[in-house]
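*Asks:* Each chain, written out:
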Amino acid sequence: MDQKDLKAIIEQVLAEMNISGAAAETAASAAQAACCAGSAPVVEDGCIPDVTEVNIRTQYLVKNPEHGEEYAELKANAPCRLGIGKAGARYKTDPMLQFRAAHSAAQDAVFNDVDHDFVEKQMGLFIVQTQCENKDVYLTRPDLGRKLSPEAVATLKEKCKKSPTVQIYVADGLSSAAVAANVADLLPAIMQGLQSYRIDVGTPFFVKFGRVGVMDEISELLGAEVTCTLIGERPGLITAESMSAYIAYKATVGMPEARRTVVSNIHKNGTIPAEAGAHIAEIIKIMLEKKASGTDLKL
Amino acid sequence: MQEIVKSVGIDIGTSTTQLVFSRLVVENLAGSYAVPRVSIVQKEVVYRSNIYFTPLLSATEIDAEAVKKIVWEEYKAAGMTPHDLKTGAVIITGETARKQNANQVLEALSDLAGDFVVATAGPDLESVLSARGAGADRISEEERKTVANIDVGGGTSNIALYQKGILKGVSCLDIGGRLIQVKNGKISYIFSKIQALAKKHGIDIQVGQQADIPTLTRVCEFMADQLAQALFLKPQDAEHRGLYTNDGTSIPSEPPVQGVTFSGGVADYIYNPTTEDVFRYGDIGVLLGRAIRSHPAFGQIELYQAAETIRATVVGAGTHTTEVSGSTITYAADRLPIKNVPILKVSEEDEAVLETLSASIINQMPLYRPEGRTEQIAIAFTGRGRTSFADIQMLAEAVIKGAKEAIESPFPLVLVIENDIGKVLGNAIRVKLEHKKDVICIDGIRTLSGDYIDIGEPLANGHVVPVVIKTLIFNS
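For the protein sequence lines, the chains are A and B, in the order given. Residue numbers 1 to 299, in the working numbering, belong to the letters of the first sequence in order. Residue numbers 1001 to 1476, in the working numbering, belong to the letters of the second sequence in order.
Read the hints as simulated data drawn from the structure, not as lab findings. All C-beta atoms, glycine included, are put in the ideal place defined by N, C-alpha and C. Possibly wrong hints are sitting among the right ones.
If we take Cβ atoms under 8 Å as the criterion, some of the chain B residues that face chain A in the derived model are [as the list claims (entries may be wrong)]:
1) SER1388
2) PHE1389
3) ASP1420
4) VAL1424
5) ASN1427
6) ALA1428
Here are the simulated lysine-lysine pairs, DSBU-like style, with alpha carbons at most 30 Å apart [to be verified]:
7) B:LYS1437 - A:LYS285
8) A:LYS75 - B:LYS1043
9) B:LYS1432 - B:LYS1401
10) B:LYS1432 - A:LYS159
11) B:LYS1164 - A:LYS63
12) B:LYS1436 - A:LYS285
13) B:LYS1043 - B:LYS1068
14) A:LYS298 - B:LYS1006
15) A:LYS63 - B:LYS1145
16) B:LYS1043 - B:LYS1164
17) A:LYS75 - B:LYS1164
18) B:LYS1006 - B:LYS1043
19) B:LYS1006 - B:LYS1339
20) B:LYS1339 - B:LYS1043
21) A:LYS159 - A:LYS147
22) B:LYS1234 - B:LYS1200
23) A:LYS268 - B:LYS1401
24) A:LYS250 - A:LYS161
25) A:LYS250 - A:LYS162
26) A:LYS291 - B:LYS1432
27) A:LYS161 - B:LYS1432
28) A:LYS75 - A:LYS92
29) B:LYS1432 - A:LYS268
What follows is a list of derived Cβ distance ranges for each label pair [what the hints assert, rightly or not]:
30) A:ASN55 - B:ALA1333: 36 to 44 Å
31) B:ASP1084 - A:GLN122: 53 to 61 Å
32) A:CYS80 - B:GLY1372: 52 to 60 Å
Take the sequences, apply the hints, and build the full model.
*Replies:* Encoded structure:
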């Protein structure tokens, strides 16, 4: 097929679609006029609906489904991005925006710092830092996130009760949002649980730029029998607020990872923080009785 | 990690007495890094007893000794001792529950039935147990349909309606296979309501008359018609209302029934109608089965095969009465098991505000002081919407304020909550009471006012306790 034939075909198609060269130009200029004609832009009242408010368990967007009701019932069991329809080969606008909002929340959770005011004034925790100077170092040098700065060592020696039965502290880990969302319910619930078992607890504090492994140094430094860190989990697209507790019996630097017991998925749509706190207190009690943790401890 | 719990179900019905032993498999389904989630993952009947006619001393009295002998023989045949059993239920069902000495029978059986096994009755519960034994709940869930089970027994027909696996309603009618009995070719017994129903339709039947098959077939057709009305397959007539047991009510008219299963002794003759030797059991059961099967209204909806027919109730009692609590709870292990504890339920309206929650407990307490002394009670509420640590502290204070009398009694403080806050609330109360009181605070359990609860010894490494909720109220 030569070029001339091709041109003829295109002209024919355009003619059939009723778009002559002239008409197309008119349309374009009309659009331009509309865009520039108005004097001042009009600000409407109201809000665009918040895409993050949508409960994706109940959102089912497939048009003309064969078994829509059943699919929607299945969806109610888990917050998965299924049954969200398509626009041609692409996502629909709503699920696309939700996905990007979730992704942004995850990024924010990692890159934002925990609010110092919240930690110090509301939670009453003093703050120490690892050997990471800033977030970039923290994210690129995991090894430094496992070591306390010399100032931190001095502060802990000065302010903390020595050789407590249990040492609890909070760390930002990979989600500042998790700390903000859960600690106010989780920490007092653990404390009260331990109190109900009459177990002695050390002075709680907050470690900035802390990874799980820093608990080993803290355990050695303070001589705690059980050390428990409440740490923000790496965020996912379902929640950026999930927290974990890592707990170890007589943790030492260089011990195998298998000696840590973990309770994960603590957030308002997972295990609620208050109830998780009560559960963690019981795990600590069992750990003290059995003198073991991690894979050595059968719960 | 699995744990096996052995369970017994004993059903002393209007016409038959039977028992089953079953095994319930309890397992923690959560990963090792998550908060435990213990469930009953498998239920299996391992032994089915023979089916005995319920021994009666007279029309109003059960022969307790004979029942005990039957149960004991079956224990021996199954190689089971009361010690092996962790849970289960004895239920006295249908007309038999109205016998004078029902409670004595339960007492006579209690040492035989293991440390945890208990007594229950009431047609609402019977409707649910027979439907679950028949598998109507499972069929409705799997087929995504609205399915009713009708357990047509000797004295009553128990109906339970399930929509997509969820119970929508129960009812109980005085329609059953032994409501007219036949001896030596003559009618030997007629239940008054059935005699009246026949009379309304111009059929006069009397004790001592010749048992005429065409006449009794017509009576059975009217009985079958009442069952069709009970499912709203046709309009309810003037007689219908009066046929409910103990002035009960019908199931809800919505959602409409799409399918039906039948259980109970008559069910076998609904699924396999016969015209031979119709009075073989000395009653109208075979005729009633055929009348139900040939009734046009039941032809309009799907007929599903029941998983159990005559044994549905006992299988339901043996396998479906026990549930497990939530997996994060508070208890004082040396105070368990506890049995037959009445539920003091705070209504959802009252629990919305902490002041009315306290007041509701205080106001209801006198009901649980039958002889002027405080009994062991269990305080129940949903706990909905109270999830933050601060909310739970306030809730704990309100419960302590309301339950002062129970706290001062020698019994442990028992709380039964729906939402997953049992452990943190239990801790809060224990600390606030300065460890001076044993606190049992379980969650994941739904109760109604008037229920009774049994809480067994902990299972699955102490994460959960087995629970039996007993609904004793007739037509609540």
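*Asks:* For every hint, state whether the structure bears it out.
*Replies:* Hint by hint, here is what the structure shows:
no., hint, verdict
1, SER1388, "holds (5 Å)"
2, PHE1389, "holds (4 Å)"
3, ASP1420, "holds (5 Å)"
4, VAL1424, "holds (4 Å)"
5, ASN1427, "holds (4 Å)"
6, ALA1428, "holds (6 Å)"
7, B:LYS1437 - A:LYS285, "holds (20 Å)"
8, A:LYS75 - B:LYS1043, "holds (27 Å)"
9, B:LYS1432 - B:LYS1401, "holds (11 Å)"
10, B:LYS1432 - A:LYS159, "holds (29 Å)"
11, B:LYS1164 - A:LYS63, "holds (24 Å)"
12, B:LYS1436 - A:LYS285, "holds (19 Å)"
13, B:LYS1043 - B:LYS1068, "holds (26 Å)"
14, A:LYS298 - B:LYS1006, "holds (24 Å)"
15, A:LYS63 - B:LYS1145, "holds (23 Å)"
16, B:LYS1043 - B:LYS1164, "holds (20 Å)"
17, A:LYS75 - B:LYS1164, "holds (15 Å)"
18, B:LYS1006 - B:LYS1043, "holds (10 Å)"
19, B:LYS1006 - B:LYS1339, "holds (18 Å)"
20, B:LYS1339 - B:LYS1043, "holds (23 Å)"
21, A:LYS159 - A:LYS147, "holds (18 Å)"
22, B:LYS1234 - B:LYS1200, "holds (18 Å)"
23, A:LYS268 - B:LYS1401, "holds (28 Å)"
24, A:LYS250 - A:LYS161, "holds (16 Å)"
25, A:LYS250 - A:LYS162, "holds (14 Å)"
26, A:LYS291 - B:LYS1432, "holds (29 Å)"
27, A:LYS161 - B:LYS1432, "holds (25 Å)"
28, A:LYS75 - A:LYS92, "holds (18 Å)"
29, B:LYS1432 - A:LYS268, "holds (25 Å)"
30, A:ASN55 - B:ALA1333: 36 to 44 Å, "holds (40 Å)"
31, B:ASP1084 - A:GLN122: 53 to 61 Å, "holds (55 Å)"
32, A:CYS80 - B:GLY1372: 52 to 60 Å, "holds (58 Å)"
Checked against the numbered hints listed earlier, the structure breaks none of them; every hint is satisfied.
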